[in-house]
Every structure is written in structure tokens, then in C-alpha cells.
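Undergrad: Spelled out from the first residue to the last, the chains are:
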Amino acid sequence: MKNKAIISLLALFAVSLAACGGHEAVKPSGAAAGQGAGQGAEASGAGQAGGAQGSALAGQQQQAPAVVLHTVHFAFDSSHIDSTNRAIVEANAAYMNANPQVTVTLQGNTDERGTREYNLALGERRAQSVKRMMRVLGVASDRMKTISFGAERPVALGHNRAAWRLNRRVDFVYSNNN
Amino acid sequence: MQHSIFKAGGRWRWRAILVGLCLAAFAQSAGAVLTIEITKGLENALPIAIVPFSWSGPGALPQDVSGIIKADLVSSGRFDALPVKDFLSMPHADKDVVFKDWRLIKAEALVIGSVRALPPGRYQVQFRLYDVFTQKQLAGYRYVVSAGQLRTVAHQISDIIYQKLTGVPGAFDTRIAYITRSGGVRHPVFRLQVADSDGYDPRTILRSPQPLLTPRWSPDGTRLAYVSFEHGHAVVYIQNVDTGQRWKVADFRGINSAPAWSPHGRRLALSLSMSGHPEIYVMNLSDGALKQLTHDSAINTEPSWSPDGRYIAFTSDRSGSPQIFRMTADGEDVTRLTFQGNYNAAPSYSPNGRMITLITEQQGGFHAAILHLRDSDLQILTNTSLDESPTFAPNGQMVLYATIVHGRGVLATVSVDGNVRQLIKTNEGDVREPAWSPFEHQLQAN
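First to last, the sequence lines map onto chains X and D. Residues in the first sequence are numbered from 1 upward in steps of one, following the numbering used here. Residues in the second sequence are numbered from 1 upward in steps of one, following the numbering used here.
FYI, nobody ran anything at the bench for these hints, they're computed from the structure. No false leads were slipped in.
Listed next, the in silico DSBU-like pairs over lysine-lysine satisfying Cα-Cα at most 30 Å (straight line):
id, chain 1, residue 1, chain 2, residue 2
1, D, K248, X, K145
2, D, K291, X, K145
3, D, K100, D, K70
4, D, K291, X, K131
Covered by chain X, according to a simulated footprint, are these stretches of chain D (three or more residues, beta-carbon under 8 Å):
id, stretch
5, 204 to 210
6, 382 to 391
Glycine included, each C-beta is placed from N, C-alpha and C at the ideal position.
All chains, full assembly: derive it from the sequences and hints.
TA: Structure follows, in C-alpha cells:
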């Protein structure tokens, strides 16, 4: 009887732990009453949002080895990989072929020009363009994920050609599955 | 009491304002204060005399009702509020109006009014609008409201004055939603905010370390659809603006983005890339059923419904560069609408369905523009070069868009004839992705 009670308490505890887990630092709230609640999100009433939150993108990602450049750049409104950038893709494909435990997320990005939604689509097309070339170079599709941040995650915040050139890119973000 | 009947919209709005007041200190510190400046007004703005309303009650009037009306009308760029020091009389009641006094200072319209405290905690607001030349009253209403509704009454009076004098409904009693971004490259903070259309009382309804974009009001003004990257990729949510309750609407493989409400609010057009590239789909919001409308391996995104619900305009680069296309709401009869330049995107219909505002590229600059559907004329509205996210005001008179001025993200409005311009700035970080709410419910007047 007593054991059963303890087990169900433990179960309850586990359930409540699970309920707490997985919440990210996103805070929805009502403009009127602070009864916001949400999936994987932090709720609060209007203006009650709390302290600063870190980036949720961290995780088990790790950088590619220093000898390999892990960013490919593009021309405006283009997903074409030129010969300079092709060499970078080839180096990354060689790295993956030599390290079968490694998987990669190809993160597509654009510069700020044009519209945000179109750029989201363009970023995806760039990531897919890199993935296609990697596949031709012998990397299995199931080791590569694509994602687009569009114009939303610039590495350079300026509103000029230099910043735009840096931001039109696909980043190789590696994970080691060992 | 019979004058104090509010419709549902008024009731929740009242609560919203109450909470807003309680938390005003935070809202200020959230880096969210908006200021509006007119950068270009009409040269022949209509001279209007707004007599400061009389106040009878204990203490100070909670809101400067006539001051808000004056600020609204001036901010439209269509009115020239004459200086109070030039007034020859200060009437508050009909019997005290001497039209000669107003002709002498060249006022063409005159607004008078009063605010009176009615216990417990109610206020009676009266106003009258006159045409000085014809000596006729054009409008006159009385409201009984709570303190929290005084700003709403002021905006609704502005709307009535605007309509009587310009022939077009005002859009002062509306709200705007927008995204702010603060922090640096490494630790950005994104906020989805809602403020009154004059920038008053900004409230954060969602805060995230990951990008937020494309807020879109439901046609009834109660919900916002938007795109959030909180799970590391683009997912579409709908959130009740009042309660904060929200729903994940689309989280398929690939990109989930570009939400657009159907005119009745029962369906949502989306751009989803689960097939490998972005296609336009329509989701039935009651059961989540999806219908794919485009079948083209190019980019298909940024859908916008025509106000009659018959058409959906969208952006596609199927012809090599992004251009605006239109199809029926069933995905039939796809027609290309733009042919000028190499980049036309982000279409959004005008309330009367005769125009589409969009972003067009000309000589390297990205400008908010209007496409006139009758003759396909493309009219560029701005001289800024990094414009995005244009949408019409609910009265169709202005286009609201985001741009960069002095390196900062700001919002801007421009009248459809290009003659009136405003800048809306925040005191910290960047502001972007604006969306103008539909018209609010009217307060009961008599």
C-alpha cells in the first residue's frame, strides 16, 4: 500500500518533470490578462516578461575543424555555388566522408534586402543547393539537415554591401553523434 | 446608464487598457515606446479649430480628450490645427458658438466639447463638429464611458471628424502589431508587440530569443497569426491577443510561413515547403485540413486574399525572378500581375480590392509601391531603399511599411497619393514587420 503510494508519487513527480521539460525561452502573453500558456513556451501577462534569455540554438552542435571553412557565400537572389565556394563544399564533403559519425545542419541565410518571407524561401533553396552538391560528393542525405533562417540571423548587422555579402550564406553546423 | 452600453469589443479593450496602465512601467522599460513624426503633410491641409474641451469633475481629467483628437488629426497630415492662442472665444456648448470668431481666424472646421465626471467612475464626453462656412453642425455625439475608455472615445471622435471632413472613415481607433529586435548579433531579443495606432500603450504579447515575423490580424481583430523560430525552425502560430492563449497551426517539415487570413477568418493561406520547395496551401482552421493551391517547383510564398475572397495574390519566382501572381482561391487561373523590374514581392490587397501594395526593386533600391489592378500601373511610394512588409490601413488611405532610416529599423506610413508621410520610431533597437488592425468595434454613442 505504502509502496504503491510512493510509486504513484514518483510517477507524478516524473510527469511534472516532463511537463517542465522542453520549455524554451519564448513568452506569449495576452494584451489584457496574463493567462498565456503555451506549448514549449513561457507565458506571461502583458509586460510581465522576465529576464533576458540565452540563445536556444546552442545544444550539441560543434564547429567544423579549423582547417575547413564552414560557410559558403552566394550572389544576391541566387543559390548558385561558384567555383571558389565549390572548393569549400568539397572540403566539407571530404571531412564528412572521413568522419562517418558526424552529421551536419546546413543553415541557409540571406541578406536583408527584399522581403522576409521570400528570403526565408531563398535561404532554404541555398541550403538545398549545398546539400545537393554534398550528395553528389558522396555524403548520404540522411546525414544532412537543411534549415532556413532567411534574413533573420545576420552575422553582420550593417546595411551595406560588405554586410550583405557576409550574410548571404549557408553555414555548416556539425554534430558529432559519438 | 443607458448611454453606457458597450459591445464585446469595448469590454475587452477596457480590460486591456487597465492592465496596460498597471504595467506601464514595464512597458516603458521594454524598449517599446513608439513615437510618430510627420515627415510630409498636405500643403493645403484643412485649417481646423479644436477648442480644448471643458472639464467638470474632481481633480484632473484622466485623459486629455481634445488633445488626443488634435494629435490624431494633425498626425494624418490632412489637418492644420490652429493655435489656441489665436482663438477669439472658447465655446464648449452650441449656444456659445459665434461663427464670425472662427471665420476671422480662417478656420474652416470647428470642434467643441466637454467632459463631465458622472459618479461612480463614469465620464460623459460630448462633442460637436461645425462647418464654419455654412454654419452647420456636421456631427454631434455624447458618450458615457469609464476612465479606461477615454482614449478610445477620443480616437472614435477623431474618426468621425475625419470621415465628415474627408469623406473617408478615419482609422485612429485601431491598433498596430509589429516586431521589435534588440540586443546584438549573439543575444537578440524579439518581441511581438501591439500598440494603439498612435503608438500609445505598447504591450509585448510574445517574447523570444529566436526570430519572429509576419504578424497578421484576424479579420475580427482578436487574434494574430505569425511565424516563430522558437523551435529552431519556422512554425506558424495563432495567438489570442487578449488572453495570450496560442495554438501551433503549422509545424510540417521544412518552412512553415507567410500566414494570411481569409476574409471571413475561417481559413489561413500559408507557404509550406514540406514537398521540398515552398508552395501555397490553404488550411481550414476548424479541422486543420490542407489544400495545396500551387504546383510549381519555384518559390511560392506571401499569399494575400482579395477582400471578396475570390483571389489570392502571391510571390513566385517561377519566371526566373520574384514577381506577383494571382490565382483564384481554388488555385485556378494563375495570372502574372507584375512585369516591371526584377524583384516584385510581398503583395497585400487594399480594402477595396482595386490595388495591391508590394515591394519593388528599382536601381538597387527596394521600395513600397502600389500596383493599380485596373491598368497595371506600378506607383512607387517611397525614396527609402530597404522597404519591406507593406500593408494598407483599414480605411485604405495609407500604406504602413518597415524601412531603415539612419541605420535603424523604423515603421513608416505614406498616403496612397504619396502626399503625406509619417515615421514611427522606437526608442531602442529596431522595429519591423508592421500590421494594421481591422477597424475596432464602435462605442455606443447618442
